[in-house]
Amino acid sequence: MYKDLLYYLIFPGFIFISVAGAFLSWFDRKITAWVQFRKGPPLLQPFYDFFKLLLVKETILPASGSRLTFLMSPVFGLTGACLSGILIMLPALGLKSGFSGDMIVIFYMLTIPSLTYMIGALAAGNPLAAVGASREMKLIISYELTFLLVIAAVILKADLAVTVQDIILAQGEKGPFVGSLSGILLFIAFVFCMQAKLGLVPFDMAEAETEITHGSFIEYSGTAYALIRLTKYMMLFILPAFLCVTLLGGFRTDGIHLLWTVLKMIGVVLLITLIRNTNPRVRIDQAMRFFFIWMNLLVIVAIVLIYFGL
Amino acid sequence: MGFKEYCFKKSLWLFHFGGASCNNCDIEILACLTPRFDVERFGMQLVGTIRHADVLLVNGSINQKDKVRLLELYEQAPKPILVVAIGACGCTGGIFAQGNTFAGPVDKIIPVDAYIPGCPPKPEAIIAGIVKLLHK
Ligand code: SF4
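Protein chains in written order, with the working numbering: chain B, 21 to 330; chain V, 430 to 565.
Be a bit skeptical, because a hint or two may be false.
[Stated by the list, open to error] In silico PhoX-like cross-links for lysine-lysine, where the CA-CA straight-line distance does not exceed 20 Å:
id, chain 1, residue 1, chain 2, residue 2
1, B, K59, V, K439
2, V, K439, B, K50
3, V, K438, B, K59
Hint data in this document are derived by calculation from the structure and do not stem from the laboratory.
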C-alpha cells in the first residue's frame, strides 16, 4: 500500500516525471539557444519559472466565461499527464506488470492534456483563446487517428500484445522495432504526432505566440498557468518515454544500460528540438492534410509491411 | 532574500508596450533578446500576453490614446508587476513632451520601478537598468 503510494507520488510517478521533464525542458531551451548562437538559460530555469508562477504571481479569473471550468481544466490536464506517465513508467522500469490493455488506456490518458487546454481556453471567454481552442481541436482530430494507427501497428508487430510489458518483452526477443523497415516508418509518424501533441513548431498553431499571443493560454496566469507549465514539462518526458517503450526497446536500468536509457531519451528530445528549430509554423489546413493523407498513408504502408514480416 | 523573491528575480518575463515611439527604442529592446546580448541568460523571456508578464517595458511617448491602453494593460497584469520606462520618451516625454496629444510621461499614469534614459538607450544600458532593478 505504502509502496504503491511511493510509486505513484515519488518514483517513478509525479515527482520524478516532473523533475525529469523540467530538466528536459531546460535541455530543449538550451539547444534552441545554441541553434540560434545564444547562450541560453541556466540549468534551474524551469524550476524558477514554475515556482515563480506558483508562489508569487496572482491568478486572474476571467470576467466573462466559466470560472470553475477555467480553473479545473489545468488540474485535470495534470492528472491525465500524471496517470499516463505512471502507467508507462511502471512496466517500463519493471516495477509492476500493468494490466491487459493498458496501451489503450495510455492512449486515452495522453489525449486528456490537449483536451483540457482546449476546454480551459473555451472557458476563458477570450476571442483569441477561442481561436486557439478551435485550432487545438482541429489538430487533435488530425493527429489522433495517426497516433492510434501507430499504436495499432505496434500492437500488431508485437504479435497482438496489448500490454506495455509484453511489447517490451517482444522487443527483447526480436530487437527494438525501429530496427526494421516498418519500424522506421512508424518512428517517423510517431515523432510527428509527438510534435503535434507537445504543441511544438511546426504544429504550434494553437499557441502561436507571434500570431494569437499564446492562444489557448492567453488568459491563464499565476497558479493555473504554473499547472499548465508543469503539464507541459511532464508531457515532454512522457511522450519520448512512450516512444522509447513502443519502438526503441524500452528502458533498462542495470549497469551500463542506464546510460543507454538516458541517451535514448536525450536523443529523442534532441530530435524534436531540432525539428522545432528548423521548421516554420504550418497553417492548420496544411497540418490536417499532412496528417490525414501523408502520415496515415505512411502508417498504413508500415502495417502492410508488418503483415509481410518486414 | 526569500525563496519566492529569488525565483521571481530569476525568472522575469517581459511584456513590451510600445507607445507612440519613433521605433528606435523598440529595436534596441529587440537587440537585448538577440544573440549578442541574449537576456535569456538571466531567465528573461519575451511573452505575448500581459497575463504572463512580470515586467512591463514601456517605451515611447504616451499620447491620449496610448494612455487608456496602458492603464488597461496595467490593470490586467497579474501582480506583482514591475514597470520599466525606457528611453527619454518613456522617462520624461523627450522631444514629444510639448506635443498637444502628449498625455504625460509614464510615471504620471502608472507607478514606475526603473527609468532607463537615453535616446535610444543602448542594450547594455537596458540590461544595466534591469540589473539595478533586481538589486533594488
Ligand atoms: S527615446 Fe528617442 S529613440 Fe526612444 S522612442 Fe523616444 S525618440 Fe525614439
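Checked hints:
1. Of the pairs offered as hints, the one joining K59 (chain B) and K439 (chain V) holds, with about 16 Å between alpha carbons and a cut-off of 20 Å not exceeded.
2. With a C-alpha separation of about 16 Å, the suggested pairing of K439 (chain V) with K50 (chain B) holds against the 20 Å cut-off.
3. Using a Cα cut-off of 20 Å, the hinted pair K438 (chain V) and K59 (chain B) holds, with the two alpha carbons roughly 19 Å apart.
Consistency note: the structure conflicts with none of the earlier hints.
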